[in-house]
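Residue numbers (my numbering), protein chains in the order written: chain A, 1 to 578; chain B, 579 to 662.
I should point out that these hints are in silico values taken from the structure, not numbers from a laboratory.
None of the hints are false.
Quick list of in silico lysine-lysine cross-link-like pairs, DSS-like style, CA-CA up to 30 angstroms:
no., chain 1, residue 1, chain 2, residue 2
1, B, 625, A, 88
2, A, 88, B, 629
3, A, 372, B, 641
4, B, 641, A, 88
5, A, 84, B, 629
6, B, 635, A, 84
7, B, 641, A, 84
8, A, 84, B, 625
9, A, 174, A, 17
10, A, 88, B, 635
Taking CB as the label site, the calculated pair distances span:
no., chain 1, residue 1, chain 2, residue 2, range
11, B, 602, A, 30, 28 to 34 angstroms
12, A, 415, B, 632, 36 to 42 angstroms
13, B, 629, A, 323, 47 to 53 angstroms
Quick reminder that beta carbons are idealized off the backbone N, C-alpha and C, glycines included.
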Amino acid sequence: MEIRKGIAVSPGIAIAKAMVIDSRDYRIPRRTIMPSQRTAEIQRVRKAFARAIQELDEIKSAKRIEESEIGDIFAVHMRFLRDKSFRKRITDLINKEKVTVEYAVSTVLREIASHFAGIDDTYISERAADIYDIERRLLKHLQGRVEDNLGHLREDVVILAHDLTPTQTAGFNKTFVKGFATERGGRTSHTAIVARSLGIPAVVALGELSLEISPDCQVIVDGNRGVVIIDPDEETLAQYKRYAEQVTRFVSELNVLRDLPAETRDGVRIELMGNIEFPDEAAQVLEKGGDGIGLYRTEFLYLYGGSEPTEDDHYHAYAETIRTLKDKPVVIRTMDLGADKMPHSNWHPNETNPALGLRSIRYCLQNFPMFKTQLRAILRASVLGDVRMMFPLITTLQELRQAKMIVRDVMEDLDEYAVPYNAKMPIGIMIETPSSALTAGLLAQEADFFSIGTNDLIQYTLAVDRANEHVSTLFSPAEPAVLRLIRSVIQEAHKARIGLSVCGEVASDPEFIMLLLGMGVRTLSLAVPMIPEVKKIVRSVSIEQCGRLARRVATLDSSRQIKNVLRDAASKILPENF
Amino acid sequence: MRPAMQFVDLANTFDADISVSHGDTTVDGKSIMQMTMLAATCGSRLKIRAKGPEAQKAVEALKELAEQFFMGVSQPQVGQQEEG
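Using the sequences and the hints, build the whole thing.
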């Protein structure tokens with residue numbers, strides 16, 4: 001049994017036989033040829049390229065993929081195959097070293113791939129998978145080998161791989177593939193996106209896996225916790241089967257709640273919104289019975305795709321989401337990346353402390369053209385539904401004013417071209433720094449709503465980086481300092497009669513729901529899969545009861561005490577969950 | 579890889595030899611392999627050179643395209659030099 005921890009990129013539990021795919025598994029031995037064979041070898045290069053090009057043409061016309069990201073990737077492959085200097089590099093190697101075509105192809109492509117893989121930028125290093133895909137394709141045609149075709153699967157499997165290439169995932173027989181586990185990848189890698197769109201669990205970035213496992217070996221992919229268990233023992237397997245059944249049962253039980261309102265026992269309606277990243281997650285918000293999208297992260301536009309997003313890239317992504325939600329609210333958050341994470345900018349400021357550096361709204365306020373591109377797209381999309389916009393990481397009133405001034409600039413531009421937009425689109429801000437929490441009263445005069453981002457608020461209030469294992473235990477939303485800030489922000493929002501929501505991880509933590517309601521929160525924005533569970537809690541409590549809990553918590557002086565009280569209260573409401 | 583793809587596609591429409599350099603590295607602007615490898619490591623300064631009947635046109639068009647990619651970045655610069 002081997003237990004590995006990775007990044008959970010698509011939820012669910014899969015238990016099935018392992019199917020190992022290794023895009024590096026063609027280990028081509030170095031074999032030399034006689035000088036007289038050179039012409040014949042080079043002839044084979046030409047044929048393999050021609051067949052590979054033909055195959056790509058067929059894939060393209062068969063799958064109607066021109067518009068998708070995958071189509072883009074194949075387009076790059078096609079250009080590689082037509083690139084004379086690429087082919088020359090292969091034939092040069094054959095001529096010079098007198099090696100077989102297979103060896104030359106493999107060597108050249110691995111050189112290129114390792115060049116990409118060595119770059120310290122996840123977007124670029126993930127593209128090494130594309131190069132391996134080209135290698136596979138060429139070798140397949142050279143060796144006339146029948147591909148270990150995943151279209152011919154006859155039983156359920158979990159795919160284990162170094163990384164999955166677009167060709168591999170395009171060829172899957174979707175009925176039998178139950179989950180993915182890969183050594184590499186991240187939230188924006190191809191595997192993650194495909195898994196989410198298929199609705200199957202996936203865990204990536206597992207590090208070196210022992211891929212030489214027996215073909216009948218069982219694998220558990222836990223896409224909820226980010227764990228993969230290879231060859232589990234009887235006990236673990238039985239445990240996970242029970243867990244999987246529980247999850248299924250609980251999910252179907254919760255689905256009954258889908259069409260019921262999130263209303264407390266004493267009749268107070270709570271809005272439950274979803275946090276999403278990709279447009280294809282919008283439909284899930286409705287499926288899970290959400291009231292709208294409370295946080296639409298737009299970073300994926302900058303991270304996935306080969307170049308800085310154009311106004312139309314933005315617009316299409318927003319329009320798709322808004323149309324899915326019809327007239328339910330969609331809160332779009334403007335770009336929230338650090339300068340160090342901007343993949344298309346070659347300007348990486350040397351920051352010793354990026355969390356306190358040029359990021360998020362600060363970056364936008366120093367890069368007007370990029371910021372305006374996004375604002376124009378949001379404004380254009382504002383006429384399609386109930387669209388609202390929010391700025392992340394606002395620390396001072398000055399910043400909010402500056403950002404709003406740019407919005408007005410963009411509006412004037414749109415007026416000039418008679419492009420329609422909603423001039424009354426609500427503009428709110430995230431409250432995620434102590435500075436903005438302490439000046440919430442001032443900010444409330446000029447913002448249409450607040451959304452409390454608890455993750456950053458905790459980090460900045462407690463001065464704790466929770467990714468740092470030496471201090472991560474100090475990171476707690478139950479610290480009195482954090483709760484005091486949250487309480488005062490809620491009060492200021494109520495005083496100014498503006499909207500207020502909580503959109504951090506706390507909003508999906510079953511133990512914190514009662515406290516938040518008791519403190520006066522009426523809108524929560526949370527991870528979409530958690531909506532039914534939180535709705536169940538909301539429907540099991542009364543505001544009066546929550547208020548009592550909140551008052552009790554306000555008198556406690558330590559995070560540990562507060563956590564215990566919250567856990568007790570929650571376990572009385574939903575004993576089966578705790 | 580999309581920017582490199584667009585760049586190479588455009589470069590190939592001109593009757594000119596096109597080279598792109600960054601620092602000491604100079605590559606063929608019509609080769610996707612060479613351009614992606616350059617793009618993977620390059621900084622913000624690119625130098626585009628062209629030689630041949632359509633050199634002038636090629637440099638102008640490629641410069642414009644390159645500037646589009648860098649739109650919004652504070653200090654992008656695309657140098658140019660023509661011969662022939």
